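**Q** Can you make the complete structure from the sequences, with help from the hints?
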Amino acid sequence: MISLLGPTSNRFISQRLKLHYVDWGNADAPPLILQHGGRDHCRSWDWVAEELRHDWHVIAPDLRGHGDSEWSPEGHYGMDAYVYDFTQLIHTLGYDQVTIIAHSLGGNIATRFTGLYPDKVRKLVNIEGLGPAPEVRAQIEAPGLAQRMRQWIEDKRKSAGRVPRRYDSLRAAYERMKEENSFLTDVQARHLTIHGASRNEDGTWSWKFDNYLNVWPVTDIPYAEQEKLWQAITCPMLLFYGADSFASNPEKDGRIANFATARVIEYAKAGHWLHHDQFERFVADVKAFL
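If you read the sequence shown in my numbering, its first letter stands for residue 1, the second for the next number, and so on.
In short, the hints are calculated from the structure, not lab data.
Misleading hints may appear alongside valid ones.
Derived lysine-lysine pairs resembling BS3-like cross-links, with alpha carbons at most 27 Å apart [claimed, not checked]:
1) 120 with 158
2) 269 with 287
3) 287 with 123
4) 252 with 228
5) 208 with 156
6) 208 with 158
7) 18 with 208
8) 252 with 123
9) 228 with 123
10) 18 with 156
11) 252 with 287
12) 178 with 18
13) 269 with 120
14) 208 with 120
15) 269 with 178
16) 208 with 228
Quick list of simulated restraints, FRET-style, between CB atoms [said to hold, decoys possible]:
17) 96 with 168: 45 to 51 Å
18) 171 with 15: 24 to 30 Å
19) 179 with 257: 35 to 41 Å
20) 84 with 155: 20 to 26 Å
21) 171 with 141: 40 to 46 Å
22) 234 with 268: 29 to 35 Å
23) 187 with 246: 20 to 26 Å
24) 187 with 18: 29 to 35 Å
25) 217 with 252: 23 to 29 Å
26) 30 with 143: 42 to 48 Å
27) 28 with 202: 28 to 34 Å
28) 96 with 153: 41 to 47 Å
29) 154 with 27: 46 to 52 Å
Keep in mind the model is a prediction, meaning the values are calculated, not measured.
Heads up, the beta-carbon is just placed ideally off N, CA and C, and yes, glycines get one too.
**A** Below, the structure is given as structure tokens:
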């Protein structure tokens with residue numbers, strides 16, 4: 001159960017955007033960054049933060065275009081922008097070294113940051129955050145850059161004309177949340193919906209994230225360069241995977257070979273949001289690791 005005494009909201013500036021983060025207090029403790037994934041928000045970490053706030057100074061940011069952070073005016077949600085924002089948060093807060101727990105897209109961002117600045121990360125917990133498996137990435141890139149660029153332009157235009165879905169009530173949004181992740185308890189789904197939706201002028205509700213997030217950038221660093229970032233990581237690293245998730249386990253697809261200090265834990269009866277699906281086990285494993 002989440003305490004009535006929650007975090008404080010704060011802002012920092014990155015590339016002219018006002019980005020939001022919550023601070024769980026205990027400023028004299030070592031810093032712990034909790035980074036959410038795509039189409040999620042910082043309050044998704046509240047249960048984890050409650051468990052760790054007494055030993056850590058917990059900071060949970062909203063990615064650009066997510067939660068209570070501003071949307072990119074040009075709809076730029078490339079990995080370069082996300083990594084810069086993450087780096088800027090740590091620079092703004094003045095931390096020499098941090099510990100990180102990150103999920104999905106957030107895990108991809110945090111892992112790249114750790115490869116770029118290995119001395120700045122004490123320990124890293126990555127929850128299904130390495131991106132597509134090599135075989136899947138090869139399929140995505142198979143059509144060639146020109147064809148993928150044309151498709152990207154078409155998809156961006158569609159997003160520009162798409163009106164965000166509106167729900168007549170917060171209850172309707174909650175039911176959509178439950179439909180998206182059947183592992184969630186009613187309490188979890190309600191909390192995620194309350195903090196993940198905002199009210200429109202006509203009284204309806206919409207999710208806070210930007211429509212442009214649904215169109216993944218057409219270009220990224222070459223896969224070989226991404227592997228070099230993984231290989232540069234020197235801190236202890238824990239990789240979590242759900243047995244019922246769509247994500248590919250790096251022990252099974254070979255990517256674990258790029259990490260000199262990592263080990264993988266797979267959870268049965270857990271999907272992509274395994275830190276919700278198997279919360280008690282997850283917290284116990286994380287506390288032991290940290």
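**Q** What are the numbers of the hints the structure violates, in ascending order?
**A** Violated hints (numbers, rising): 1, 12, 13, 14, 16, 18, 27; every other hint is consistent with the structure.
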